[in-house]
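Go ahead and model the full structure; you've got the sequences and the hints to work with.
There are 2 protein chains.
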Amino acid sequence: MDGYENPDAMEHFPGYVLRRTAHAMMAELAQRLAPLDLRISECAILMMLGQRGDLTSAEIGKVLDIQRANMAPMLKRMELAGLIARKPIDGRSMAIVLTKVGTARRALAHATLNAFEAELMSRIPARHRHHFMPALYALWKPAEPD
Amino acid sequence: MDGYENPDAMEHFPGYVLRRTAHAMMAELAQRLAPLDLRISECAILMMLGQRGDLTSAEIGKVLDIQRANMAPMLKRMELAGLIARKPIDGRSMAIVLTKVGTARRALAHATLNAFEAELMSRIPARHRHHFMPALYALWKPAEPD
DNA sequence: GTAAAATGCTATAGTCAATAGCTATTGGAG
DNA sequence: CTCCAATAGCTATTGACTATAGCATTTTAC
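From first to last, the protein sequence lines stand for chains X and R. Going by this note's numbering, 34 is the number at position 34 of the first sequence; the sequence numbering is gapless. Position in the second sequence (first residue = 1) + 1000 = this note's numbering.
Honestly, the hints are just simulated from the structure, not real lab data. C-beta: ideal position from N, C-alpha, C; glycine also. Heads up, a few of these hints could be off.
Derived list of chain X stretches under chain R, where covered just means 3 residues or more per stretch with a C-beta under 8 Å from a C-beta of chain R [claimed, not checked]:
| id | segment |
| --- | --- |
| 1 | 10-18 |
| 2 | 23-36 |
| 3 | 65-75 |
| 4 | 97-107 |
| 5 | 112-119 |
Structure, rendered in structure tokens:
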């Protein structure tokens, strides 16, 4: 295989290859989400809200691993874009809910993600394909049973 | 499997899982390289220079996909750290070479990378393990023969 | 009622990558 | 040789993302 005789001395290292691959994929996904005026993190928030529409900022951040401080400007942007609304739960916490516009945008985003997912998997040779996600899971969440 | 019933609506999407996994790995690798005062990109440069010690800034950047403009401050930092030296080739281009310190640092980095690589692969269940790198290659460099 | 924790937020700084633009050198065409 | 395009290295700037510290309010526990 050609790749192993490349001048790039890092091509043997899974960590490096993982980084380069992820970067390439993220760039491509970002490009596909750009027409929807969504960044990847915002898209993830929309997807979460599509499953359960009464999440708080803290709950979203916990699942997506985004810190509270960084959720604030992101949600502000999404609110200004008319995608979400805030409903007070109690004096300190707010439920984040999808607006009508947000629900529609979420459907578009979902379609985009599905298409992207299918295309990505199709690029992996069949004999490796179904091993890919389990391998990623094992690295991402080592405690998960497999 | 538990992961598939998680509140994270993105866990089915390879792009997202790839991103999260890469981020987790990069954080861990960065931590391991920190004692060597090396960032991941700098480490990659050292590894390249270990294979061929007369590369120019532009050549390195081309392989590692780092733009000329972003190579400059990086090389400056490495030069100040005493890892590399610049030798003029002609009036406009400079060969980047490892110093003695840089050569020693590269050996340490290489050992760190090897240990990390082995540990990463060991985390992947055996039946998925040898499919991982080929799958990444297929995504990263779709044109590569497989 | 008071102390501790939780929630949302601002402000700030650092990393990383992308773009535009500058200077100087090289190399080829006239 | 002169002119001009391409190359090489660099600065400065911007934008996205992340991490930290700190503040105000509210809830919860004792």
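Going down the list of hints, with the structure as the test:
1. With 8 residues having a beta carbon nearer than 8 Å to a beta carbon of chain R, the segment 10-18 of chain X meets the requirement of three or more and the stated coverage holds.
2. With 5 residues having a Cβ less than 8 Å from any Cβ of chain R, the segment 23-36 of chain X passes the three-residue criterion, so the hint holds.
3. Counting residues of the segment 65-75 of chain X whose CB falls under 8 Å from any CB of chain R gives 1; the rule of at least 3 is not met.
4. Counting residues of the segment 97-107 of chain X whose CB falls under 8 Å from any CB of chain R gives 0; the rule of at least 3 is not met.
5. For the segment 112-119 of chain X, the stated coverage by chain R is satisfied: 3 residues place a CB nearer than 8 Å to a CB of that chain, which reaches the threshold of 3.
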